[in-house]
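Residue numbers (this note's numbering), protein chains in the order written: chain X, 7 to 278; chain H, 998 to 1072.
One or more hints might be untrue.
[As the list claims (entries may be wrong)] Quick list of in silico lysine to aspartate or glutamate cross-link-like pairs, DMTMM-like style, CA-CA up to 20 angstroms:
no.: 1; chain 1: H; residue 1: Lys999; chain 2: X; residue 2: Asp99
no.: 2; chain 1: H; residue 1: Lys999; chain 2: H; residue 2: Asp1064
no.: 3; chain 1: H; residue 1: Lys999; chain 2: H; residue 2: Asp1030
no.: 4; chain 1: H; residue 1: Lys1033; chain 2: H; residue 2: Asp1005
no.: 5; chain 1: X; residue 1: Lys35; chain 2: X; residue 2: Glu226
no.: 6; chain 1: H; residue 1: Lys999; chain 2: X; residue 2: Asp276
By construction, these hints were calculated from the structure, which means they are not laboratory data.
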Amino acid sequence: MPTTIPTTTSSTRPGSPSTGDAYFETDTKNYIIYDGANWRGYNSDGLSFTKGTQSADFGGTNEYVSIADSDSLSFGNGSSDSAFSITAWIKPDSSTGGFRIVSKSDASNAEYLFATDGSGNLRVWICDNTFSNAIGKRSTGGLTADTWQHVAMTYSGSGASSGIKLYINNSAVSLTDSSSGSYTAMENLSMDVDIGRFVSSGGTSYSDGHMDDVAIIGKELSAGEVSSIYNSNLYPVETVSLYRFEGNANDSVGSNNGTGQNSVVLNSTDVR
Amino acid sequence: MKTYVIIDSSEVGSVDFDQVLETSAETLRFSLDGTKTFVKYEDGQPSFLWGKTEYTHEEILEVLATDEWTSDEPI
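Produce the entire structure from the sequences given, and follow the hints as far as they go.
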């Protein structure tokens, strides 16, 4: 006699579950089980993590996490791009200072930047060597200071800004095109990836606030996959690197361990 | 509580990175014209920084927000 698991959706989960309650989510195709404190998501082809107890605290002066260059962190070859996505939980201390989430750039060249600008807009740049030749999108506001928010950028690898989507707290947001110059594809360059810092020809800027569960994923996330990450800490198998900041900047999925620079706090107890 | 001191870039060679919270000379943040940088510490001013003006976190953030340290680029 087969057992039928009750169904739910990621937006209609029971509000007062009991430990051990299990459901099949029809929209995400995940099995979810309540462990007494959080929903745990399971999928035959996903990576599930328990919500952590620590985060990274960036002071806004010169603190950041550096990750050594790796081909696995580049998504272009000069002729064409491959799809990728970045997701993170962020808590900016201010809505007016730009908040740098993930960047791969130096004073001369760039591959990508996921950040907020000084107006509280979420932005992404995907660069053909420089920010002068880039495809980009930005939200109109949508972010709040001193509040934990989940943000995601997805890119189809199409070489066009129409392939970029942004999500804030599990909802796709309307976007304005911010492309510049001409764009063919990203190059596979040799600069480090930074979390919490952005280096450009105009100088270097830093994040002031907290970040947690920063993921670099080698595919264009669907809305359902963004939902799985947001609701269940369930990441697709194409996840390249995940930084959970549980006392260190290690990569929980791949081998791209990060290094905390200038005494960035990697064990803050301020968590979502 | 962290305390911050601004120094001339020419003084970086005399910084004892065992006594400050910065990792190394390679990770320092410099002013846009490259002439200044800063270091921070928690347990009393290191001797090689004696006589320098000290800033709190709030004060250094105000300094770093000026045109001397932060570009007016839209991002």
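Going through the hints against the structure:
1. Only pairs whose Cα atoms come within 20 angstroms are accepted, and H:Lys999 paired with X:Asp99 is accepted, the gap being roughly 17 angstroms.
2. Simply put, H:Lys999 and H:Asp1064 have alpha-carbon atoms about 24 angstroms apart, too far for the 20 angstroms limit, and the pair is violated.
3. At most 20 angstroms may separate the alpha-carbon atoms for a hinted pair to count; H:Lys999 and H:Asp1030 exceed this at roughly 25 angstroms.
4. This hinted pair checks out: H:Lys1033 and H:Asp1005 have alpha carbons roughly 4 angstroms apart, not beyond 20 angstroms.
5. Restraint check for X:Lys35 and X:Glu226: satisfied, since their Cα atoms lie roughly 17 angstroms apart, inside the 20 angstroms limit.
6. Distance hint between H:Lys999 and X:Asp276 is fulfilled; the C-alpha atoms sit about 19 angstroms from each other, no more than 20 angstroms.
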